[in-house]
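Number of protein chains: 2
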Amino acid sequence: MAAPSGKSTIRTQRNPNFSKLSAGYLFPIVGRKRKEYAEKHPDAKVISCGVGDTTHPLPAVVAKAMADYSAGLGTQSGYSGYDPVIVDPVKKGLIDNFYSGMGVTPDEVFVSDGSKCDLARFQTLWSEKARVAIPDPAYPAYVDDTVISGHTGLFNKEKMGYEGITYLPCSEDNGFFPDLTKAKDVDIIYFCNPNNPTGACATKTQLTELVNMCIEKSILLVYDAAYAYYIRDEDKPKTIFEIPGARKIAIETNSFSKLAGFTGVRLGWTVVPSEIQYECGAKLRDDYNRVFNTHFNGAANVALAGGLATLQNMGEVKKVIEFYQENTRLIMETLKELGFKTIIGGRNSPYIFVKFPGKGSWEVFDEILEKTQVIVTPGVGFGPSGEGFVRISSYGTRGNIEEACRRFKKAKLGA
Amino acid sequence: MAAPSGKSTIRTQRNPNFSKLSAGYLFPIVGRKRKEYAEKHPDAKVISCGVGDTTHPLPAVVAKAMADYSAGLGTQSGYSGYDPVIVDPVKKGLIDNFYSGMGVTPDEVFVSDGSKCDLARFQTLWSEKARVAIPDPAYPAYVDDTVISGHTGLFNKEKMGYEGITYLPCSEDNGFFPDLTKAKDVDIIYFCNPNNPTGACATKTQLTELVNMCIEKSILLVYDAAYAYYIRDEDKPKTIFEIPGARKIAIETNSFSKLAGFTGVRLGWTVVPSEIQYECGAKLRDDYNRVFNTHFNGAANVALAGGLATLQNMGEVKKVIEFYQENTRLIMETLKELGFKTIIGGRNSPYIFVKFPGKGSWEVFDEILEKTQVIVTPGVGFGPSGEGFVRISSYGTRGNIEEACRRFKKAKLGA
Numbered sequence: 001m002a003a004p005s006g007k008s009t010i011r012t013q014r015n016p017n018f019s020k021l022s023a024g025y026l027f028p029i030v031g032r033k034r035k036e037y038a039e040k041h042p043d044a045k046v047i048s049c050g051v052g053d054t055t056h057p058l059p060a061v062v063a064k065a066m067a068d069y070s071a072g073l074g075t076q077s078g079y080s081g082y083d084p085v086i087v088d089p090v091k092k093g094l095i096d097n098f099y100s101g102m103g104v105t106p107d108e109v110f111v112s113d114g115s116k117c118d119l120a121r122f123q124t125l126w127s128e129k130a131r132v133a134i135p136d137p138a139y140p141a142y143v144d145d146t147v148i149s150g151h152t153g154l155f156n157k158e159k160m161g162y163e164g165i166t167y168l169p170c171s172e173d174n175g176f177f178p179d180l181t182k183a184k185d186v187d188i189i190y191f192c193n194p195n196n197p198t199g200a201c202a203t204k205t206q207l208t209e210l211v212n213m214c215i216e217k218s219i220l221l222v223y224d225a226a227y228a229y230y231i232r233d234e235d236k237p238k239t240i241f242e243i244p245g246a247r248k249i250a251i252e253t254n255s256f257s258k259l260a261g262f263t264g265v266r267l268g269w270t271v272v273p274s275e276i277q278y279e280c281g282a283k284l285r286d287d288y289n290r291v292f293n294t295h296f297n298g299a300a301n302v303a304l305a306g307g308l309a310t311l312q313n314m315g316e317v318k319k320v321i322e323f324y325q326e327n328t329r330l331i332m333e334t335l336k337e338l339g340f341k342t343i344i345g346g347r348n349s350p351y352i353f354v355k356f357p358g359k360g361s362w363e364v365f366d367e368i369l370e371k372t373q374v375i376v377t378p379g380v381g382f383g384p385s386g387e388g389f390v391r392i393s394s395y396g397t398r399g400n401i402e403e404a405c406r407r408f409k410k411a412k413l414g415a
Numbered sequence: 001m002a003a004p005s006g007k008s009t010i011r012t013q014r015n016p017n018f019s020k021l022s023a024g025y026l027f028p029i030v031g032r033k034r035k036e037y038a039e040k041h042p043d044a045k046v047i048s049c050g051v052g053d054t055t056h057p058l059p060a061v062v063a064k065a066m067a068d069y070s071a072g073l074g075t076q077s078g079y080s081g082y083d084p085v086i087v088d089p090v091k092k093g094l095i096d097n098f099y100s101g102m103g104v105t106p107d108e109v110f111v112s113d114g115s116k117c118d119l120a121r122f123q124t125l126w127s128e129k130a131r132v133a134i135p136d137p138a139y140p141a142y143v144d145d146t147v148i149s150g151h152t153g154l155f156n157k158e159k160m161g162y163e164g165i166t167y168l169p170c171s172e173d174n175g176f177f178p179d180l181t182k183a184k185d186v187d188i189i190y191f192c193n194p195n196n197p198t199g200a201c202a203t204k205t206q207l208t209e210l211v212n213m214c215i216e217k218s219i220l221l222v223y224d225a226a227y228a229y230y231i232r233d234e235d236k237p238k239t240i241f242e243i244p245g246a247r248k249i250a251i252e253t254n255s256f257s258k259l260a261g262f263t264g265v266r267l268g269w270t271v272v273p274s275e276i277q278y279e280c281g282a283k284l285r286d287d288y289n290r291v292f293n294t295h296f297n298g299a300a301n302v303a304l305a306g307g308l309a310t311l312q313n314m315g316e317v318k319k320v321i322e323f324y325q326e327n328t329r330l331i332m333e334t335l336k337e338l339g340f341k342t343i344i345g346g347r348n349s350p351y352i353f354v355k356f357p358g359k360g361s362w363e364v365f366d367e368i369l370e371k372t373q374v375i376v377t378p379g380v381g382f383g384p385s386g387e388g389f390v391r392i393s394s395y396g397t398r399g400n401i402e403e404a405c406r407r408f409k410k411a412k413l414g415a
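From first to last, the protein sequence lines are chains A and B. Sequential numbering of the first sequence, starting at 1, is according to the numbering used here. Sequential numbering of the second sequence, starting at 1, is according to the numbering used here.
Next up, chain A with everything else stripped away, as it sits in the complex (with noise of 0.2 Å):
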């Protein structure tokens, strides 16, 4: 043990991989440069449609039920402390809602505080050897996570990506769905369905190449459904288990956040089937539970009233799904008036990612805050393929939505 310097206060071990991570967490970043034009520009009316962050009120049968549940808390009958019993409930109505017949019980069901807690947690499942494969571009939790719990090499400048993460490129040459034989020498695919940030939605036959693939490879997947609620297709599959055989190979991890505007409230889901079993025979789910056990205390018992509600009123809920979506049109319908040749996603997914030729994302994302005062997400921030895009989220009140389009016609926006 070296003597610590005069720099050191402890000399405790830093976790190497901190030192690996390039960057801050995208939208912090995108927060930090809002504020700054924010200061510089006092009377500008700043707009945001970049981090996907509910704006519509809950409907008013889940604030009802949150709001008993909390004043029952101050009853001796109505008090709860660990392991509320609201949960049983809660894994009843996810099951009835979105895997009915499809063989989930309530002890695959893990109700958590929401699937960016949830995705942490399930680093601490495989070891350090596995080797990963991400889509690019994709929600960014996905990699550092990798990068923290010591999955990768360093970042590579060139290649835009970290040394040791197989990146499987989302473009417009292959429709947004990757080339899945790039991944068949990793033990843990990541998939993101609708895609955030392009919001692209895959097939049923891209799925079921999907599973087969990594049952033939015995290959982990790791699938988020976190915007299967906005899928308007009604041929497209909203859960990974309607496609045969992924129980054996998929947990699916999910949330009220976009589903019910529950950003803040906290509450979301995973799915471990009790099928999937390591070479050692042990079962995936059983190490779950044991770290959701050890390193979680359960979600908080007035967001599980919330859930209790939503899932025993759907109809509500879609009412708000169906306002995001209109917005998503009234922005689509902008971007087309302009020209934008590159549109993906908003038919099945609150994201519009759109291309704007020959420039860099951070340039847009400059250049439409300057013109315009409205915040967008770099799509580079999403991955190396991301370059060139940007990502317009319609999360947002009506009137705000409206003034951006009003906005981005006046700026002429692309031209």
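Each hint should be verified, as a subset may be incorrect.
Note: identical chains are not told apart, hence a pair may lie in one copy or across any two.
Below, computed lysine-lysine pairings styled on DSS-like, alpha-carbon distance capped at 25 Å [stated by the list, open to error]:
{"id": "1", "residue 1": "K336", "residue 2": "K410"}
{"id": "2", "residue 1": "K35", "residue 2": "K64"}
{"id": "3", "residue 1": "K91", "residue 2": "K409"}
{"id": "4", "residue 1": "K20", "residue 2": "K129"}
{"id": "5", "residue 1": "K45", "residue 2": "K371"}
{"id": "6", "residue 1": "K238", "residue 2": "K129"}
{"id": "7", "residue 1": "K236", "residue 2": "K248"}
{"id": "8", "residue 1": "K45", "residue 2": "K35"}
{"id": "9", "residue 1": "K92", "residue 2": "K217"}
{"id": "10", "residue 1": "K410", "residue 2": "K318"}
{"id": "11", "residue 1": "K20", "residue 2": "K409"}
Since the hints were derived computationally from the structure, they do not count as laboratory data.
Starting from the known structure of chain A, arrange chain B on it as the hints suggest.
Leaving out everything else, chain B in the frame of chain A:
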């Protein structure tokens, strides 16, 4: 890569540390034993003095604040998504109430869904190489977290502990404050004060000795203050930051769970001083900030509303603590009356740690359950030095605690 056997469905490499975990997490085992007993004796009225789970309703003012906030989520003006603004007044309230004049700044305070979850997130910070010391007995998550994140060898049945962990025995011989000389060569020391399960509470002199040793040896101190608000001895510190120099080497986690009955509501916090630096000059606080943003999405907004009301009404909160303190007094009185000689805790803790000479902890657990239908927690479940003790929790309704005491007397416990 070996071809998968017929048994496995994935070739993904399991985290090898899971196979080291010797038994289930303590409290689920206690829960299973309780369930089995209830099934065998369907008419028995089982009382739990086992898991430290709060039972008293939230103060009316706290429940109302949560109900109002929940109702507001159903309105445009009251709705909040990611990063609710209410987190800032909560940070300010925490600093004003608990760290006044100690130099703690808001960017050093991380408001979370609880200490157990924070302890898990800490694991990401340090390398596998870090050598860990843990008091014995202690809250089981310290050991389980340390095993899962790869700091140990196998469980040694003879030593009743994991190879690679430096256990710091707390016993009658050392007044339940461990011999710190054993920890001179480690990189991290966990310390829970007041201790769970013993209820022993360190003096200012003892904590100064702890901090000074950590500074001298550049050891990171992970200080768990979850029961600090139960301290009645006015000269005993309620936070490690009362000790000069602690900011150089200590992080402190705490929770609203036992402070304000938030076991089911889920709210906690951790203070990570900006002074703490690794050898390479990186700040632990900055790494934790990155983990906190990448692995987590903040505490539930409704829980934050409850937390703020708690911090603004500490007088009401204190009444609930006093309610449990009266429970503790009733149990202590009963145990003294029954002639127990070694009764630890109680005065500065909601837990009483009592020795049954000549008997094993699980044997005593079974005996108490059979004779009195009361659930306690076996001391040995918290570490080998807990053998022979059980922990009695004073969380319960007055009626249940009084009934438990009556049954203890009727059964002539310990005779």
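Fill in: Hint numbers contradicted by this structure
2, 3, 6, 9, 10 and 11
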